[in-house]
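Using the sequences provided together with the hints, build the complete structure.
Here the sequence shown stands for residues 40 to 680, where the numbers follow our numbering.
I should point out that these hints are in silico values taken from the structure, not numbers from a laboratory. It should be emphasised that the depicted structure is a prediction, and the values quoted were computed from it without experimental measurement. Any given hint might turn out to be false.
Claimed, not checked - BS3-like cross-link-like pairs, simulated, lysine-lysine; straight-line CA separation at most 30 Å:
(1) K635 x K191
(2) K342 x K160
(3) K160 x K557
(4) K635 x K70
(5) K160 x K191
(6) K342 x K557
As the list claims (entries may be wrong) - Computed spacing ranges between beta-carbons, pair by pair:
(7) G554 x L324: 37 to 47 Å
(8) V185 x T288: 54 to 64 Å
(9) P573 x Y272: 49 to 59 Å
(10) Y596 x E176: 56 to 66 Å
(11) Q565 x F327: 51 to 61 Å
(12) G473 x F279: 38 to 48 Å
(13) E176 x P573: 35 to 45 Å
(14) W162 x S275: 30 to 40 Å
(15) I408 x S475: 20 to 30 Å
(16) L194 x G473: 18 to 28 Å
Every residue gets a Cβ at the ideal spot worked out from N, C-alpha and C, and that includes glycine.
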Amino acid sequence: MNSIRRPALATGVFFVVVIAVMTPYNEMLVKGSRLGLSSLTPAAFFLFFILVLFINPGLRQVGKEWSFTTQELLLIFAMMMVATAIPTRGVTGVLLAMISGPHYYATAENQWADLVLPHTKDWMVVAPGDGLRHFYEGVSAAESAVWDVWVKPLLGWLILFVALWTAVLCLMVILRRQWMDRERLTYPVMQVPLSMAEVDPDRAIPAFFRQPATWIGFAFPFLMGSLDALHVYFPSFPRFLARTPRLITLRNTVELRLRINPIMFGFAYLVNLRVSLSLWFFYLLFEFAEGACEIVGITNSEKLGVWTNSGQVSPIFSHQSMGAMIVFVGFGLWTAREHLRDVLHRAWKDIRDHREIVTDRNAVLGFGIGTIVVIGWLSSAGLPLWASIVVVGVAFVVFLSLTRAIVDGGLATIVPAMIPLGFTLSAFGTDALGVSGLVALSFSLVWIGDLLTFMMAPAAHAIRITHDSDSRERGTHFLALLGSMVLSLLVSVGVMISLGHAHGAANLHQQYFHGFAKYPADITAQKLQNPTAPNAGGWMWTGVGAAIMGLLTFASYQFSWWPLHPLGYMVSPAWIMRSLWFAFFVAWAIKSLVIKFGGLRAFEQTRPVAYGVIIGQIVVAGFWLVIDIITGTTDNRIRVY
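Shown next, in the form of structure tokens:
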């Protein structure tokens, strides 16, 4: 098998830099289609489309040796995927907002200076002064930008992220054979780029783009999105769908959004019928159950911070979802026990015999060392050691649950109903954490808060690519992926701070620099002023969720006739499902009819249509974003999740 050549790595680095520069530029200034706001990493798909359809065929015309092989193309794509998961909501935007906000927004009214800041490690946040003012308010012509204030906190957070990303990548390496060879997960998200990257030895254009069915699927979302984009330029131009139809029922307690979501329809069509049925069925069941609880008066009004479902009823189902995730991950690890035992055995033999660099040994050591560093980092930030272990453990439960939902269930974008912050506050209360512990826990929102974009999903897809590569190349792949992450973080941080100096961060994005910037200190102050004890109701509902998930898992594996997959129950309370469920319902209905009347052959013939729909939705968003940048148009967004 051909080795990865330097031009391929250089091309990957180039695209990583493009993503790290343009994604925050778009998010802060252009405010166009948000190609970084999803674990699907749409920016990577858009650039990959350009690479395989235009750039690589052009290089082939110069000479075959100039063009990239399939494995090189896939490595470039993997580098772009992990890079896209960082510049805005994945890391950089949230990080810069949250570490700069506490001092900038501290006032006599919110009492952060007395309640929060004395217990916040100085290496975690940006110190007050000209550097902080320059970032939020801009640098005047008579001043020189001060960058020094960023060095210390950014180095501190870089240690956390490098350790976390190393652990995540190594865990995906450890689980790769289990998921691919033993459980045969379908990886719906990767089916499109794997098909796009198949280089034809006799043709410059890949077979993917020579199928009429692909372009038929491509045309629908491209035309639909273009109509919406043209409406921004020409308000009299008709839009395809001005608003999402909604169905309100059960005494106005249930609101169902019937959203046409092309990209999720495409992925839903690729998963098996049992999974797609379960996703829309359990979501409807959740909505009506929540409405019934509201009518009857069954409530749990815990205030568990942002990104954990809140309200009078929603926390009940958030706890159930957490219980379901714990069982889901626990059962998955139990199923993989033989594989994990083999991995540990081989790793121990490699260490004992002092063998050369090998995958299992490095993966086990990397995961162990990375996890220990993350736990130690949290303890240094003020979280008690036991709580640090709990937070990291729950974080990996959430990461693994969401990643399995993506690589098995086709949920290209999914979020949890509860995050470690909410779980820890409910399970143990504020007094058990102490003031410094509460501060450190609140800052966990930087890396395990908003999970519209999180690293484990693209890492799983990137490691999936190495499954078909030569074992000698896997070390190169690993370093390329980790290097892409670090490079994307460093470049995007520099770009974001520069944009703040030029325009004032407070003027750039309200959600980041007026909302996210206040979250950690605000949550800490609220809990210090209103301390809470461990919530018995939360433990009870978590147990209920675990029990239901256990029964569903048992039925799923013991009875061949059982029609429902437990994954649907686990993700049903996630807020994003309100925008996804209808696409899964429509895809399930159409696929059922296709297979019923045409069999599996008909499904295989229509699969390229689904591929076209997926890539068409991403390309139309990227196409109009490029036009918006060229023309200076702002606020022209085409949704890609």
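Results for each hint:
1. K635 x K191: Not OK: K635 and K191 at ~62 Å, beyond 30 Å, violated.
2. K342 x K160: holds (25 Å)
3. K160 x K557: The given pair, whose Cα atoms are some 17 Å apart, holds under the 30 Å limit.
4. K635 x K70: Distance ~44 Å between K635 and K70 Cα, so the pair is violated.
5. K160 x K191: holds (11 Å)
6. K342 x K557: holds (17 Å)
7. G554 x L324: 37 to 47 Å: Check failed, 32 Å falls outside 37 to 47 Å.
8. V185 x T288: 54 to 64 Å: holds (57 Å)
9. P573 x Y272: 49 to 59 Å: holds (56 Å)
10. Y596 x E176: 56 to 66 Å: holds (59 Å)
11. Q565 x F327: 51 to 61 Å: violated (32 Å)
12. G473 x F279: 38 to 48 Å: violated (54 Å)
13. E176 x P573: 35 to 45 Å: holds (43 Å)
14. W162 x S275: 30 to 40 Å: 55 Å Cβ-Cβ, so the 30 to 40 Å window is violated.
15. I408 x S475: 20 to 30 Å: Check passed, 25 Å falls within 20 to 30 Å.
16. L194 x G473: 18 to 28 Å: At roughly 26 Å between Cβ atoms, G473 and L194 fall inside 18 to 28 Å, so the hint holds.
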